[in-house]
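Q: Chains E and S supply the protein sequences, listed in that same order.
Sequential numbering from 1 applies to the first sequence in our numbering.
Sequential numbering from 260 applies to the second sequence in our numbering.
The hints are simulated quantities; they were obtained by calculation from the structure and are not laboratory data.
What you are looking at is a predicted structure, and each value in this text was computed from that prediction instead of being measured.
It is possible that part of the hints are untrue.
[To be verified] Residues on chain E that point at chain S, a partial pick, calculated with CB under 10 Å:
no.	residue
1	Arg57
2	Met62
3	Val89
4	Arg94
5	Gly97
6	Val99
7	Gln101
8	Asn104
9	Pro105
10	Pro107
11	Asp112
12	His121
13	Ala170
14	Ala172
[Claimed, not checked] Chain E is nowhere near these chain S residues, computed Cβ spacing over 10 Å in every case:
no.	residue
15	Asp267
16	Ser275
17	Phe307
18	Leu345
19	Phe350
20	Ile414
21	Thr523
[Unchecked claim] No more than 20 Å apart at the CA atoms, straight line, and that leaves these computed lysine to any residue pairs for SDA-like:
no.	chain 1	residue 1	chain 2	residue 2
22	E	Lys108	E	Gly159
23	S	Lys459	E	Glu91
24	S	Lys505	S	Trp309
25	E	Lys135	E	Thr149
26	S	Lys505	S	Ile414
27	E	Lys203	E	Phe35
28	S	Lys459	E	His121
29	S	Lys459	E	Thr69
30	S	Lys446	E	Phe155
31	E	Lys108	S	Leu468
32	S	Lys459	E	Ile123
33	E	Lys119	S	Leu468
34	E	Lys38	E	Lys204
35	E	Lys147	E	Phe111
36	E	Lys70	E	Glu232
37	E	Lys70	S	Ala357
38	S	Lys459	E	Asp64
39	S	Lys446	E	Gly159
40	E	Lys124	E	Phe111
Note that CB positions come from ideal geometry on N, CA and C, so glycine has one too.
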Amino acid sequence: MADNNGTIKNDIKIEVKNLNFYYGNYNLLKNINLFFKKNSVCTIIGPSGCGKSTFLRTLNRMNDYTEDTKLTGEVLIDGKNIYNRSVDVVELRRNIGMVFQTPNPFPKSIFDNVAFGLKIHGIKNKEFIAERVEKCLKYAALFDEVKDTLYKPAFSLSGGQQQRLCIARAIATNPSVLLMDEPTAYLDPMSTGIILDLITSFKKYYTVVVVSHNIQQAARVADYSGFFLSGELIEFDNAGDFFTRPKDKRTENYITSRF
Amino acid sequence: MFNLKYKDDFYKLILSVFIFGIILIFLTVVAVMLYYSYPAIIRYGLPFLWTKEWNPPKEIFGAATFIAGTFMVTFLALIFAVPLSLGIGIFLEEYCPAFLRGFFTIIIEILAGIPSVVFGVWGVLTIVPWLRDSIEPFFEKHFSYIPFLKVEENIGYGILAASFVVTFMILPIIASITKDSLASVPKIIKDGAFATGATKLDVIRDVSLPHAYKGIYGGIVLGFGRAVGETIAVVLLIGNQAVIPKSLFGVGYTISAVLANTFTFAVISHIYASSEVELALILLLVSLIINLLGRNVLKRVIGGKFSRSQFGGG
Ligand SMILES: Nc1ncnc2c1ncn2[C@@H]1O[C@H](COP(=O)(O)OP(=O)(O)OP(=O)(O)O)[C@@H](O)[C@H]1O
Ligand SMILES: [Mg+2]
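All chains should be built: construct the whole structure from the sequences, respecting the hints.
A: Here's what the structure looks like:
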């Protein structure tokens, strides 16, 4: 796919250009420029309140529903600006899965949680849905634990299981991008380990962007990493350089203070 | 430490006294009703419930006409009010722009607080003429072959007029509980649905309403309780005839209305008074059952919000 300058950038999935985001008059995200490569895991780190979640939510337009916000700049996915008027948000989000900080299953059965995305995108074929649900639960390393209780309420699962269910739900519509906002924030070490392994295995299929508070965890899964501070992108680099030889003093301070 | 403990116990004691007092008052009410209705219960037995005649001079007493009227008014009011108030609740919580939401919410709360007699007077001044001059002539002309819609006397008063006014009285209750139940759906769960590409309608239908349905159900039951017992507005509108209404436009009577109209002179005969108290007892039991059902449901919802570990794990 060609970008505006005509350069071939085959391996770029998401490109963020001059992105500014405002809550009311407050300019939270300041002129963000970066890109995410296809089939890679990128982690976003930074102190609390620096705008990580807000940034992640600009990538699938989840901020659309937040009142009194403004966005300038571009977010290109596969070369197309997702903020173009002509973009179908429903289709955009089918193509971008999202996993949240707290597990947020729907008040439905385990099966229906995963099938939700398929159903709202108009898929009616029961066999197809059942197959896909099973496959996604397997990808999310949950199937063996729930295969006999598929029709029980999702709320009956443990927190770690609920989070894996939410991962299965997020990939059910066969997206090409997966956004995860501190997916292990409230999980025990066991569940955290499982989910970190999942993230690594996911880059075969998806471009994964993970927000994390935890430097060790971020370093463990990342191919690329970015550091946000007060709404600015301070540094963005491949994980090897980023975590061992950060170029910016502020990145270094943050990383070393957190290790 | 010890002080705190004693203080706790002291509050517990006071609370227990109050709760015990409330239970005592309630039991006294039931006991008095039972005591005074006992002669009628013995004399007329169960057929009291399905006897249609109410004839004090002949001492023939049956509750069927009043029960029928009560249930028709309640049922119709719910049929009108439930879809409307669900719509209003959903609109307020999910679609209404923020700056108007507060305004509409206040209006609904004011509506809920208006005394029923005001609703009744309003109904006599507006609903009755509207039914008499526009609706009933229309139905008489086009639908007179449907027995249930037959206009017998074109007077405006009757079951339909009473139902409309009761509708307006229970609408704010159900609407505001619907709104509150929807508001209690965690934002992050809705976000989860939006993130899979759900439209607002998908989210309301598949996530918010299933999450909120117990609360909404509780609101409907509370509305039912209010409708069953509503008195003064009904007295003013239903026509007050002890007949089983054959049509929506027919006149009728409800338990509460007949009590309000006649209990003061029912004392002329012992068995007359006793029969009226039995009517009151029926109403008490019905509204008690309904309210207990509704409150239990509400309690389960509110309790469930805290006990269910939907964010468990950490
Ligand atoms: N809806 C909103 N309206 C106004 N300000 C908001 C809103 N949401 C977030 N903010 C502000 O934007 C800033 C960044 O929030 P954001 O949630 O993006 O931070 P974060 O980096 O994800 O923090 P954390 O690590 O604690 O999750 C915060 O100061 C927050 O108060
Ligand atoms: Mg955050």
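Q: Now tell me, hint by hint, if it's right for this structure.
A: Each hint tested on the structure:
| no. | hint | in the structure |
| --- | --- | --- |
| 1 | Arg57 | holds (9 Å) |
| 2 | Met62 | holds (6 Å) |
| 3 | Val89 | holds (8 Å) |
| 4 | Arg94 | holds (5 Å) |
| 5 | Gly97 | holds (8 Å) |
| 6 | Val99 | holds (9 Å) |
| 7 | Gln101 | holds (8 Å) |
| 8 | Asn104 | holds (4 Å) |
| 9 | Pro105 | holds (7 Å) |
| 10 | Pro107 | holds (5 Å) |
| 11 | Asp112 | holds (9 Å) |
| 12 | His121 | holds (6 Å) |
| 13 | Ala170 | holds (7 Å) |
| 14 | Ala172 | holds (8 Å) |
| 15 | Asp267 | holds (33 Å) |
| 16 | Ser275 | holds (35 Å) |
| 17 | Phe307 | holds (45 Å) |
| 18 | Leu345 | holds (18 Å) |
| 19 | Phe350 | holds (17 Å) |
| 20 | Ile414 | holds (49 Å) |
| 21 | Thr523 | holds (52 Å) |
| 22 | E:Lys108 to E:Gly159 | holds (16 Å) |
| 23 | S:Lys459 to E:Glu91 | holds (14 Å) |
| 24 | S:Lys505 to S:Trp309 | holds (16 Å) |
| 25 | E:Lys135 to E:Thr149 | holds (16 Å) |
| 26 | S:Lys505 to S:Ile414 | holds (15 Å) |
| 27 | E:Lys203 to E:Phe35 | holds (16 Å) |
| 28 | S:Lys459 to E:His121 | holds (14 Å) |
| 29 | S:Lys459 to E:Thr69 | holds (19 Å) |
| 30 | S:Lys446 to E:Phe155 | holds (16 Å) |
| 31 | E:Lys108 to S:Leu468 | holds (12 Å) |
| 32 | S:Lys459 to E:Ile123 | holds (19 Å) |
| 33 | E:Lys119 to S:Leu468 | holds (17 Å) |
| 34 | E:Lys38 to E:Lys204 | holds (9 Å) |
| 35 | E:Lys147 to E:Phe111 | holds (10 Å) |
| 36 | E:Lys70 to E:Glu232 | holds (17 Å) |
| 37 | E:Lys70 to S:Ala357 | holds (17 Å) |
| 38 | S:Lys459 to E:Asp64 | holds (12 Å) |
| 39 | S:Lys446 to E:Gly159 | holds (18 Å) |
| 40 | E:Lys124 to E:Phe111 | holds (15 Å) |
When held up to the earlier numbered hints, the structure conflicts with none and fits them all.
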